[in-house]
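Enquirer: The chain contents come next:
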Amino acid sequence: MNPILTFIVILIGFYGLATSNNIIKSVFSVTIIESGVILLFLNLGNLEGGAIPILNDQVSYIVDPLPQALMITTIVIGSTVTALALMLCIKIFHHYGTVEWKEVLGRKDVKS
Amino acid sequence: MVDFFQSLTLIEMTAYALQALLIMIAFAIVIHKNNGTIVILIASFSLVTASLYVINNAPDVAIAEVAIGSAIIPLIYVISISRQREFIVLDKAMDDFIIHDNTFTGVGYILLKRFSDFYHLELNITNDPMYYKDTVSRDQVLTEQTNVDLIITKDPQKEDGYVLKGKASNILMSKLEEMVKDYDNIRLIKFKDRDLGE
Numbered sequence: 004m005n006p007i008l009t010f011i012v013i014l015i016g017f018y019g020l021a022t023s024n025n026i027i028k029s030v031f032s033v034t035i036i037e038s039g040v041i042l043l044f045l046n047l048g049n050l051e052g053g054a055i056p057i058l059n060d061q062v063s064y065i066v067d068p069l070p071q072a073l074m075i076t077t078i079v080i081g082s083t084v085t086a087l088a089l090m091l092c093i094k095i096f097h098h099y100g101t102v103e104w105k106e107v108l109g110r111k112d113v114k115s
Numbered sequence: 006m007v008d009f010f011q012s013l014t015l016i017e018m019t020a021y022a023l024q025a026l027l028i029m030i031a032f033a034i035v036i037h038k039n040n041g042t043i044v045i046l047i048a049s050f051s052l053v054t055a056s057l058y059v060i061n062n063a064p065d066v067a068i069a070e071v072a073i074g075s076a077i078i079p080l081i082y083v084i085s086i087s088r089q090r091e092f093i094v095l096d097k098a099m100d101d102f103i104i105h106d107n108t109f110t111g112v113g114y115i116l117l118k119r120f121s122d123f124y125h126l127e128l129n130i131t132n133d134p135m136y137y138k139d140t141v142s143r144d145q146v147l148t149e150q151t152n153v154d155l156i157i158t159k160d161p162q163k164e165d166g167y168v169l170k171g172k173a174s175n176i177l178m179s180k181l182e183e184m185v186k187d188y189d190n191i192r193l194i195k196f197k198d199r200d201l202g203e
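So the protein sequences, as listed, match chains G and Z. First residue of the first sequence: 4, per our numbering; consecutive thereafter. First residue of the second sequence: 6, per our numbering; consecutive thereafter.
Honestly, I wouldn't trust all of these hints.
If you want the footprint, here are the derived chain G segments under chain Z, 3+ residues with CB under 8 Å [to be verified]:
no.: 1; segment: 22-31
no.: 2; segment: 79-86
no.: 3; segment: 94-106
Note that these hints are calculated values from the structure, not bench results. Cβ atoms here follow ideal geometry from the backbone N, Cα and C, with glycine treated the same way.
Model the full structure from these sequences, guided by the hints.
Expert: This is how it looks when you write it as structure tokens:
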């Protein structure tokens, strides 16, 4: 595991956020960034030579269980954030009639 | 370079290969245009990340990622993409404007069908009685508070005339206005946005 390769995934997600025209494409990019951040945290907690954090008589040295406990919360909250963002996207379509960023922002300035 | 590869264990080599695959899938998601293809790609992206979590000694996180990331999130995306381009029409007139001789051959239906086919929309005509038990003045509130895009009512001023009502902020309304310009008995009313402070 190389943290630099994981960081490239996060940068690809930011590239998608910056260049996407479609609102749903932006939500996809947020999902990519979230997965990259989770990988980075787990890589930090993965200590050299540590075992899976399930304790018994033989195991004495384990990896850090705190980032793992935090990252389960991140996965669950990330799914709800995705659902909320897509619901807002449907609302935007019914209000502005389009899901392209440029057209939505252009309609906002017109003030009908 | 050869020494570097020979020094790796099997698990480390698998981790590097999976990370290269992860970068390729992420780039494919960013550059693809079709949203339906991206849903499949995001499910495979979640599977690759789940196997990387196992390599990082975190099998509990991997279980949660497989369950949520590659099953529930694609489901949410599929539902929202299929409902994304829906054009909801509320038919308050309830006469042969939409349904003529028990088939969808009315003047209004042909007009709306041609409009929605041209802009790749999914036409959804409803006449739910829950919506129109109130008076005419509620139409603006109805368009603001529900997902209804267009309301069809009878014209009170003209015999055999119809009024189409929609939001002025909707870009599809100005396109529909150009389309109904040729019809004499149909006119279009656009409700302007109201500020809450007024």
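Enquirer: Against each hint, give a clear statement of whether it holds in the structure.
Expert: Hints and how they fare:
1. 22-31: holds (count 6)
2. 79-86: holds (count 4)
3. 94-106: Since 9 is at least three, the answer is holds.
Figure legend: structure checked against the earlier numbered hints; every hint is met.
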